[in-house]
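*Asks:* These are the residues of each chain, in order.
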Amino acid sequence: MMKRDECFRILARHVTDEIVVASYSSAAEWNEVNPRVRNYFSVGAMGLASSHGLGLALGRPTQRVLVLDGDGSLLMNLGSLVTIGAAAPRNLVHFVCHNGTYEANGSHPLPNPDVDFSSIAKAAGYAQCHQFSELAAFEQRIGQVLGQDGPVFATLKVERSKPLTYDYPTLYAPEKRDALRAMLRAG
Amino acid sequence: MDAAVEGQAEAKLHGSAIMAAIKASGVQFILSVPDIVTSAGLLRPIARDPDFRLVRVCKEDECIGIASGLSYYDQRALILIQYTGFLDSINAIRAVAVEYRQPICMMIGLLGHEPERAPTQSGRYGVRIMEPILDAMGIAHDLIGQDADVPRIKPAIDKAYAQSLPVAFLIGRRPLAP
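Those sequence lines, one after another, are chains D and Y.
Here this note's numbering is used: the first residue of the first sequence is 1, the next is one more, and so on.
Here this note's numbering is used: the first residue of the second sequence is 1, the next is one more, and so on.
Check the hints yourself; a few may be wrong.
Label pairs and their calculated CB-CB ranges [as the list claims (entries may be wrong)]:
#, chain 1, residue 1, chain 2, residue 2, range
1, Y, I90, D, Y166, 44 to 52 Å
2, Y, L176, D, P35, 34 to 42 Å
3, D, T62, Y, P132, 43 to 51 Å
4, D, R36, Y, Q163, 45 to 53 Å
5, Y, I90, D, L110, 19 to 27 Å
6, Y, I36, D, E159, 28 to 36 Å
7, D, D167, Y, E116, 50 to 58 Å
8, Y, I90, D, A173, 22 to 30 Å
9, Y, P50, D, E6, 41 to 49 Å
10, Y, P151, D, A179, 45 to 53 Å
11, Y, P50, D, A86, 15 to 23 Å
12, Y, E99, D, D114, 30 to 38 Å
13, D, S107, Y, P132, 36 to 44 Å
Straight-line Cα separation of at most 25 Å, SDA-like style, residue types lysine to any residue; simulated pairs [claimed, not checked]:
#, chain 1, residue 1, chain 2, residue 2
14, D, K122, Y, Y161
15, Y, K23, D, N31
16, D, K157, D, P61
17, Y, K23, D, K122
18, Y, K23, Y, Q121
19, D, K176, Y, G138
20, Y, K23, D, R181
21, D, K176, Y, K159
22, Y, K159, D, M183
Just so you know, these hints were derived from the structure itself, not from any lab.
For glycine and all other residues, C-beta sits at the position ideal for the given N, C-alpha and C.
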């Protein structure tokens with residue numbers, strides 16, 4: 001099991017100009033680890049991160065897009081795995097942070113905390129599927145994973161790093177959307 | 001039959017006219033869950049038309065996220081769904097389209113709507129509540145029930161993208177297949 005913040009710090013060392021779409025606890029933690037204009041947190045409703053990521057990936061196939069999903073969130077939009085598998089964007093890498101709980105809503109357990117997301121993604125048509133539960137293996141292979149033709153899926157078996165502060169007004173600030181839009185439209 | 005009723009009975013809505021309006025609006029991406037109202041007259045011909053990129057989704061709220069993501073590059077999308085899917089997606093629409101002011105353009109089939117009536121007078125509860133819900137959410141909407149309504153589509157889509165706001169077109173009768 002990995003601490004999510006440690007996992008994100010390793011990921012951050014490999015991120016360059018990718019758009020990073022993140023939801024809830026992943027968004028709060030990613031924003032602490034790597035605040036940047038190319039972060040996209042305004043997903044609006046649980047489960048929609050993967051769909052926002054698909055739109056961003058389809059809109060510009062040369063722009064790589066990373067999704068940092070939550071396990072409870074992804075369970076609310078499992079169909080998006082099939083949609084993404086069919087649309088087959090080569091520039092999309094979809095991570096799910098799997099801690100088995102609805103962390104942002106009181107850490108209650110998922111209906112099945114041991115659900116196998118990577119197997120579901122593989123069956124749904126993702127080109128590459130991975131699962132990581134040890135930091136050393138993640139650090140060793142993340143560069144390769146990010147370079148694969150997508151859609152790529154990776155389960156990150158994590159545990160909570162610390163109690164998070166959910167500053168939603170800041171995460172979802174219109175200024176963040178405007179800045180990202182301006183950057184992407186400029187090319 | 002008086003003239004007004006006779007005129008309504010003869011009203012037609014051609015899918016080809018709607019498709020031409022969508023193209024004129026600069027929309028390339030069509031995001032859809034099938035809807036029997038628009039199945040033959042719109043979705044099937046759109047699926048065959050190389051000018052469109054059709055993304056078939058599993059559940060309607062996916063469309064809201066996809067359209068929002070596309071809009072960051074000025075890529076225009078139209079969401080083609082049934083009113084039941086709209087109702088199922090209200091939380092996503094509330095957040096992304098309304099609170100975040102994203103240009104989400106929806107074309108919504110009114111299954112069971114009687115074209116000779118206003119939607120608010122429909123015998124179908126789900127149809128009857130559509131316009132009041134859109135009004136309550138502050139979403140601009142337009143009833144597309146005959147060919148004469150089609151010219152309103154392009155200006156509404158242009159406005160949605162220019163002002164970054166949602167818009168809904170309610171399809172009040174089955175469009176004729178091209």
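*Asks:* Look at each hint and say if it fits the structure.
*Replies:* The hints, checked one at a time:
no.: 1; hint: Y:I90 <-> D:Y166: 44 to 52 Å; verdict: violated, 23 Å
no.: 2; hint: Y:L176 <-> D:P35: 34 to 42 Å; verdict: violated, 53 Å
no.: 3; hint: D:T62 <-> Y:P132: 43 to 51 Å; verdict: holds, 44 Å
no.: 4; hint: D:R36 <-> Y:Q163: 45 to 53 Å; verdict: violated, 28 Å
no.: 5; hint: Y:I90 <-> D:L110: 19 to 27 Å; verdict: holds, 24 Å
no.: 6; hint: Y:I36 <-> D:E159: 28 to 36 Å; verdict: violated, 47 Å
no.: 7; hint: D:D167 <-> Y:E116: 50 to 58 Å; verdict: holds, 53 Å
no.: 8; hint: Y:I90 <-> D:A173: 22 to 30 Å; verdict: holds, 24 Å
no.: 9; hint: Y:P50 <-> D:E6: 41 to 49 Å; verdict: holds, 48 Å
no.: 10; hint: Y:P151 <-> D:A179: 45 to 53 Å; verdict: violated, 37 Å
no.: 11; hint: Y:P50 <-> D:A86: 15 to 23 Å; verdict: holds, 18 Å
no.: 12; hint: Y:E99 <-> D:D114: 30 to 38 Å; verdict: holds, 35 Å
no.: 13; hint: D:S107 <-> Y:P132: 36 to 44 Å; verdict: holds, 39 Å
no.: 14; hint: D:K122 <-> Y:Y161; verdict: violated, 36 Å
no.: 15; hint: Y:K23 <-> D:N31; verdict: violated, 39 Å
no.: 16; hint: D:K157 <-> D:P61; verdict: violated, 29 Å
no.: 17; hint: Y:K23 <-> D:K122; verdict: violated, 35 Å
no.: 18; hint: Y:K23 <-> Y:Q121; verdict: violated, 32 Å
no.: 19; hint: D:K176 <-> Y:G138; verdict: holds, 24 Å
no.: 20; hint: Y:K23 <-> D:R181; verdict: holds, 24 Å
no.: 21; hint: D:K176 <-> Y:K159; verdict: holds, 23 Å
no.: 22; hint: Y:K159 <-> D:M183; verdict: holds, 23 Å
Going down the numbered hints, you'll see the structure goes against 1, 2, 4, 6, 10, 14, 15, 16, 17, 18, while the others check out.
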